[in-house]
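Here's the letter readout for the chains.
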Amino acid sequence: MKRSMTLLSLLLVACAPEGKHDAEDPPADGAPLEAPAVEAETDPSVVPPKAGELPHGWQLAGMAADEYEATTDADVVHQGRFSARLRATVDKPRAFGTMSQFFEADRYRGSRIRLRGFVKAEGVANWAGMWMRVDEGGEPVVLDNMQRRPLTGDVEWKEVSIVLDVAKQADQIGFGILLDGPGTVWIDGLVLEKVDLTVPTTSLGSKEHPLPEEPANLTFVE
Amino acid sequence: MKTYERRASVRWLAMAMTSLGVATAAAAPLPPEPPAGWTMAGDRNDAFAVVVDRDVRHEGPASAHLACQKDEVDGFGALMQTIDAKRYRGKRMRLSAWVKGALGNGHWAGLWMRVDGPGSSRNTLAFDNMMDRRIQGESDWARHEVVLDVPEEAIRIAFGMLVVRGGEIWVDELAFEEVGHDVPTTKPTKQHRHEPTNLDFEGGQP
Chain A
1 MKRSMTLLSL LLVACAPEGK HDAEDPPADG APLEAPAVEA ETDPSVVPPK
51 AGELPHGWQL AGMAADEYEA TTDADVVHQG RFSARLRATV DKPRAFGTMS
101 QFFEADRYRG SRIRLRGFVK AEGVANWAGM WMRVDEGGEP VVLDNMQRRP
151 LTGDVEWKEV SIVLDVAKQA DQIGFGILLD GPGTVWIDGL VLEKVDLTVP
201 TTSLGSKEHP LPEEPANLTF VE
Chain B
1 MKTYERRASV RWLAMAMTSL GVATAAAAPL PPEPPAGWTM AGDRNDAFAV
51 VVDRDVRHEG PASAHLACQK DEVDGFGALM QTIDAKRYRG KRMRLSAWVK
101 GALGNGHWAG LWMRVDGPGS SRNTLAFDNM MDRRIQGESD WARHEVVLDV
151 PEEAIRIAFG MLVVRGGEIW VDELAFEEVG HDVPTTKPTK QHRHEPTNLD
201 FEGGQP
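So the protein lines, in turn, are chains A and B. Just so we're aligned, residue 1 is where the first sequence starts under my numbering, counting upward by one. Just so we're aligned, residue 1 is where the second sequence starts under my numbering, counting upward by one.
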């Protein structure tokens with residue numbers, strides 16, 4: 001398993017240089033039209049989601065975004081009509097891909113926040129994880145990408161969570177699901193909420209405190 | 001519809017390149033300097049060269065030829081330029097060009113445009129590199145385009161062409177112009193949300 005901190009630094013610069021890295025929207029695969037979602041029934045101006053399209057409000061990114069696809073999935077769901085699926089489209093992707101979104105941090109500044117959601121994995125040869133990060137001044141300062149508790153192989157639907165502190169000077173928060181290598185991951189039913197300080201953070205480190213809080217892999221079996 | 005003078009015609013591209021005395025890609029041991037106004041970019045731009053090609057062209061005397069100098073690389077090369085967004089704020093801008101490609105298996109190419117907002121580091125407001133409508137394989141001259149809205153907060157616009165992993169393209173008659181709202185954008189402009197959205201993946205496109 002290749003769980004190097006290199007990937008952490010790669011993810012930290014997920015808004016990458018000009019070129020392919022921060023591209024959005026994977027190829028549409030011409031999947032048949034699904035039944036309209038509830039929103040579409042009440043608001044005719046909303047185009048309902050379709051299986052096989054990038055979920056509205058999300059983007060496909062990462063160092064090898066062009067070797068992955070992120071789509072809604074109507075067949076494998078945890079709840080509702082759709083989940084989101086991220087999968088590698090080549091046998092050996094050269095780096096990771098992620099389905100992500102960002103929003104302004106202003107309403108969460110000074111709070112501890114938790115992102116929880118259900119994830120499922122199939123044939124993940126290397127690793128995958130849900131992630132969240134908080135940026136200040138355009139730079140990532142805290143992050144957890146589940147690198148220390150990765151999803152590998154086949155994993156049935158299970159709830160995972162990420163807890164981070166949002167500093168007073170934070171400007172944006174990003175989150176999503178990442179996959180490094182072959183395989184498929186699904187995500188569904190995400191919830192972002194403020195939690196109190198009794199809930200421990202899961203941060204892998206921060207700019208101010210870049211060192212891990214515990215030693216890792218002392219037995220060299222990882 | 002109004003065309004700006006920033007029409008990067010092959011003619012001036014060619015002149016700029018000729019003035020540098022650029023050799024052919026095959027003969028050059030190192031990638032030559034990019035033409036005036038343009039810079040090389042990409043995580044493997046060291047493996048790419050851009051030259052004027054007077055034999056393979058769509059119109060006019062020459063085309064720009066962006067070619068990987070190795071069979072395959074783990075990254076991409078791009079030719080780009082960056083301009084002030086001031087004149088284009090509130091407008092819908094189209095980058096288009098004739099492109100011909102000779103791209104091997106797993107290689108792809110595209111035109112690209114990125115609109116940046118304020119901030120010390122990358123703040124991408126809109127971006128399209130044709131990743132979802134790649135130029136692949138052996139392709140004859142075809143007109144390609146990227147259309148993005150430039151929001152009022154835009155600071156700069158970067159654009160150009162890229163080749164991913166290997167192969168080569170010829171680009172002719174680039175145009176950067178305002179288009180009407182009857183022309184659809186090829187990618188959306190980022191919304192400044194204050195809350196996450198569509199966490200259950202059931203939501204549609206408003």
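Don't take every hint at face value.
[As the list claims (entries may be wrong)] If you want the footprint, here are the derived chain A segments under chain B, 3+ residues with CB under 8 Å:
1) 55 to 69
2) 74 to 86
3) 123 to 132
4) 190 to 203
[Stated by the list, open to error] In silico lysine-lysine, DSSO-like type, Cα no more than 27 Å apart, as pairs:
5) B/Lys91 x B/Lys190
6) A/Lys92 x A/Lys120
7) B/Lys70 x B/Lys190
8) A/Lys168 x A/Lys194
9) B/Lys70 x A/Lys92
10) A/Lys120 x A/Lys194
11) A/Lys168 x A/Lys120
12) A/Lys194 x B/Lys86
13) A/Lys168 x B/Lys86
Hints in this document: simulated from the structure, not taken from any laboratory. Where a beta carbon is used, it is the ideal one built from N, C-alpha and C, also for glycine.
These are the hints, each one checked on the structure:
Evaluation of the coverage hint for the region 55 to 69 of chain A: fulfilled, as 6 residues show C-beta separations to chain B shorter than 8 Å, against a requirement of three. Requiring three or more residues with a Cβ within less than 8 Å of a Cβ of chain B, the coverage given for the region 74 to 86 of chain A holds, as 6 such residues are present. Using a Cβ-Cβ cut-off of 8 Å, 0 residues of the region 123 to 132 of chain A lie near chain B, which falls short of the minimum of three, so the contact claim is violated. Under a criterion of three residues with beta carbons nearer than 8 Å to beta carbons of chain B, the stated coverage of the region 190 to 203 of chain A is upheld, 3 such residues being counted.
A C-alpha spacing of about 15 Å is found between B/Lys91 and B/Lys190, which places the hinted pair at or below 27 Å, so the restraint holds. Distance check on the hinted pair: A/Lys92 and A/Lys120 sit about 21 Å apart at the alpha-carbon level, within 27 Å; holds. In summary, the hint linking B/Lys70 to B/Lys190 is not supported, as the alpha carbons are separated by about 36 Å, beyond the 27 Å threshold. For the hint pairing A/Lys168 with A/Lys194, the CA-to-CA distance comes to about 14 Å; that is within 27 Å, so the pair holds.
Proximity of B/Lys70 to A/Lys92 is assessed by CA-CA distance (about 20 Å); at most 27 Å being required, the pair is judged to hold. Distance check on the hinted pair: A/Lys120 and A/Lys194 sit about 25 Å apart at the alpha-carbon level, within 27 Å; holds. Distance check on the hinted pair: A/Lys168 and A/Lys120 sit about 34 Å apart at the alpha-carbon level, beyond 27 Å; violated. For the suggested pair A/Lys194 and B/Lys86, the alpha carbons sit about 39 Å apart, so the restraint of at most 27 Å is broken.
Using a Cα cut-off of 27 Å, the hinted pair A/Lys168 and B/Lys86 is violated, with the two alpha carbons roughly 32 Å apart.
Consistency with the previously given hints fails for numbers 3, 7, 11, 12, 13, ordered from lowest to highest.
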